[in-house]
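Visitor: Residue numbers (our numbering), protein chains in the order written: chain Y, 1 to 168; chain Z, 1 to 276.
What the hints contain is simulated information worked out from the structure, not anything from laboratory work. By construction, the Cβ of each residue, glycine as well, lies at the ideal position given by its N, Cα and C atoms. Accuracy of the hints is not assured; some may be wrong.
Simulated crosslink set (DSSO-like; lysine-lysine; CA at most 27 angstroms straight-line) [stated by the list, open to error]: (1) Z:Lys111 with Z:Lys131; (2) Y:Lys95 with Z:Lys169; (3) Y:Lys90 with Z:Lys10; (4) Z:Lys205 with Z:Lys240; (5) Y:Lys166 with Y:Lys90; (6) Z:Lys104 with Z:Lys175; (7) Z:Lys215 with Z:Lys104; (8) Y:Lys50 with Z:Lys240; (9) Z:Lys205 with Z:Lys169.
Only part of the chain Y face toward chain Z is listed, based on derived beta-carbon distances under 8 angstroms [stated by the list, open to error]: (10) Phe46; (11) Lys50; (12) Phe66; (13) Ser68; (14) Asp69; (15) Ala76; (16) Phe80; (17) Glu132.
Pair by pair, the computed Cβ-Cβ distance ranges are [unchecked claim]: (18) Y:Phe114 with Z:Gly222: 29 to 39 angstroms; (19) Y:Ile10 with Z:Phe233: 31 to 41 angstroms; (20) Y:Ile32 with Z:Ile46: 41 to 51 angstroms; (21) Y:Ile155 with Z:Tyr108: 21 to 31 angstroms; (22) Z:Val196 with Y:Phe139: 18 to 28 angstroms.
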Amino acid sequence: MNSSIGLNSIRFIGLVLLQVLVFNHINLFGYINPFIYIVWVFLFPFRKNKALLLIGSFLLGLSVDFFSDSGGVNAAATLFIAFVRLPILKTILRKSDFDYLLFNLRLIPFSKTFLYITTLTLIHHFIVFNLEYFSFNAFLSVFYNTIFTSIFTIILSVLGILLFTKKK
Amino acid sequence: MQQIFFFIRKFRYFLLFLLLEILAVALTIQHHSYHTSKFINSANFISGGIYNKVNSINEYFLLKSENKMLSEENVRLKNLLEQTEINYNEENFTVIDSSKYFQKYEYYSAKVINNNYTKRNNTLTLNKGSKQGLTPDLGVINSKGIIGIVENTSSNYSTVISILNKSSKINVHLKNSNHFGTLIWDGEDYNITQIVDIPRQAKIKIGDTVVTGGKSIMFPEGINVGIIKDFTFENNQYQKINVLLFNDMSAIGYVEVIKNLQKIEQKKLEQQVNNE
């Protein structure tokens, strides 16, 4: 219980720093900056208090906003994927209820984990770029940015999760 | 009453989500209107401090280009100095007239500790703030040209709205014709900005130099902006004028912040005219 809180707090701080100091300055092909901090939402334990997840992801997004001067863009998007995380996972696994206590992202088939990460990443990026451009005229820019940035976010998050989490 | 409690209990997570989401969207909307993003900006103690630490490491890798830029600026200023000497009238040398010295602008040097240029709305963070005399609404330039306008200040840091931002509208004119226009950015390429509102009488050629106009209270007249890259002329109107910036907005080190000492006077006078 306590080690889980500690682990998640360290992950929170580590991901924010990694995001704002490294990944916000990558500028791959001139403009792609992957948002890897949302891995925190993917990995947050399912059995934990739902309110804690919502408040935590709001603060996570807000801390990234603080560093990148973007109002509440990241906070809004991160909070949204935290809220829809469970329904989406239930739909992907086609189960109405599963064993929260023993649930581990690494134990379900890889294709389903991949689908789960892809869906949440696309939703998150779509909200972020829409709020950032804040105009219907920029639909094409929003669309391209969402697709290309998502590809790199997904690759990096999957690699990160495979490398840094234990398969029990 | 009981049903209300039941309702709140049943939907408590949804209500929490809704509350926080409204808060986040409100912050976003507030951020999009110029000059009201008072809460969420990187000019605070924590993010400013962290950026400062990281920048002091990164700085070592840029010493060479920074030195080159400084020496180029020195050459330019020395050339300017030489030019004024020719104009001196011999009688003027002995006259000491304090009324001839009058300072309109004051310059502060600052260092960029965070810079972004790939988003739609880009900002920079400087390592000086209100303690060092900076206030909101000051112009920011470097030796090559214009960079942006100070938006928020904390005691030791400040944020700057880059010219690569939706809310940046800067008065510019052509160096050779005095026709005014407004500099905006369409969000496509960080080296290219656009000019709108230029009258159709203006004669524009590719390669013309664009400088800041005297209409703005923040910038002195004649600060370099860029050169005209291409434009389209349709329906007797300039449609799209692209300006290639002199500055490489992706690599900005030291900047100068300009304070207009007569800003209040000018504003007051202009307000009087508007009120009449």
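Visitor: All hints, please: hold or fail.
Guide: Checked hints:
1. Under the criterion of a C-alpha separation no larger than 27 angstroms, the hint pairing Z:Lys111 with Z:Lys131 is consistent with the structure, at around 15 angstroms.
2. With a C-alpha separation of about 54 angstroms, the suggested pair Y:Lys95 and Z:Lys169 falls outside the 27 angstroms cut-off, and the hint is violated.
3. Proposed proximity of Y:Lys90 and Z:Lys10 is supported: the alpha carbons are some 20 angstroms apart, at most 27 angstroms.
4. Only pairs whose Cα atoms come within 27 angstroms are accepted, and Z:Lys205 paired with Z:Lys240 is accepted, the gap being roughly 13 angstroms.
5. At most 27 angstroms may separate the alpha-carbon atoms for a hinted pair to count; Y:Lys166 and Y:Lys90 meet this at roughly 23 angstroms.
6. Only pairs whose Cα atoms come within 27 angstroms are accepted, and Z:Lys104 paired with Z:Lys175 is accepted, the gap being roughly 21 angstroms.
7. Distance check on the hinted pair: Z:Lys215 and Z:Lys104 sit about 15 angstroms apart at the alpha-carbon level, within 27 angstroms; holds.
8. Restraint check for Y:Lys50 and Z:Lys240: the C-alpha separation of about 51 angstroms exceeds 27 angstroms, so the hint is violated.
9. Only pairs whose Cα atoms come within 27 angstroms are accepted, and Z:Lys205 paired with Z:Lys169 is accepted, the gap being roughly 22 angstroms.
10. Against a cut-off of 8 angstroms between C-beta atoms, the interface hint on Y:Phe46 is violated, since the closest Cβ of chain Z lies about 14 angstroms away.
11. Residue-level restraint check for Y:Lys50 holds (minimum Cβ-Cβ distance to chain Z is 5 angstroms; threshold 8 angstroms).
12. The criterion of a C-beta within 8 angstroms of any C-beta in chain Z is met by Y:Phe66, whose closest approach is roughly 5 angstroms, and the hint holds.
13. A hinted interface residue such as Y:Ser68 counts as satisfied when its beta carbon comes closer than 8 angstroms to some beta carbon of chain Z; here the least separation is about 7 angstroms, so the hint holds.
14. Annotation: Y:Asp69 was flagged as interfacial toward chain Z, and the flag holds, the nearest CB pair being 4 angstroms apart, inside 8 angstroms.
15. The beta carbon of Y:Ala76 is positioned within 8 angstroms of a beta carbon in chain Z (closest approach about 4 angstroms), and the interface hint is therefore held.
16. Nearest Cβ of chain Z to the Cβ of Y:Phe80: about 7 angstroms, under the 8 angstroms cut. The hint holds.
17. For the restraint placing Y:Glu132 at the interface with chain Z, the shortest Cβ-Cβ distance is roughly 5 angstroms, inside the 8 angstroms limit, so the hint holds.
18. Checking the proposed 29 to 39 angstroms range against Y:Phe114 and Z:Gly222 shows it is violated: the Cβ atoms sit about 57 angstroms from each other.
19. Range check, Y:Ile10 to Z:Phe233: about 59 angstroms between beta-carbon atoms, so the 31 to 41 angstroms window is missed.
20. Here the CB-CB span from Y:Ile32 to Z:Ile46 is close to 27 angstroms, at odds with the stated 41 to 51 angstroms.
21. For Y:Ile155 and Z:Tyr108, the Cβ-Cβ distance of about 44 angstroms falls outside the hinted range of 21 to 31 angstroms, so the restraint is violated.
22. Separated by about 22 angstroms at the C-beta atoms, Z:Val196 and Y:Phe139 satisfy the suggested range of 18 to 28 angstroms.
Violated hints for the displayed structure, listed by number in ascending order: 2, 8, 10, 18, 19, 20, 21.
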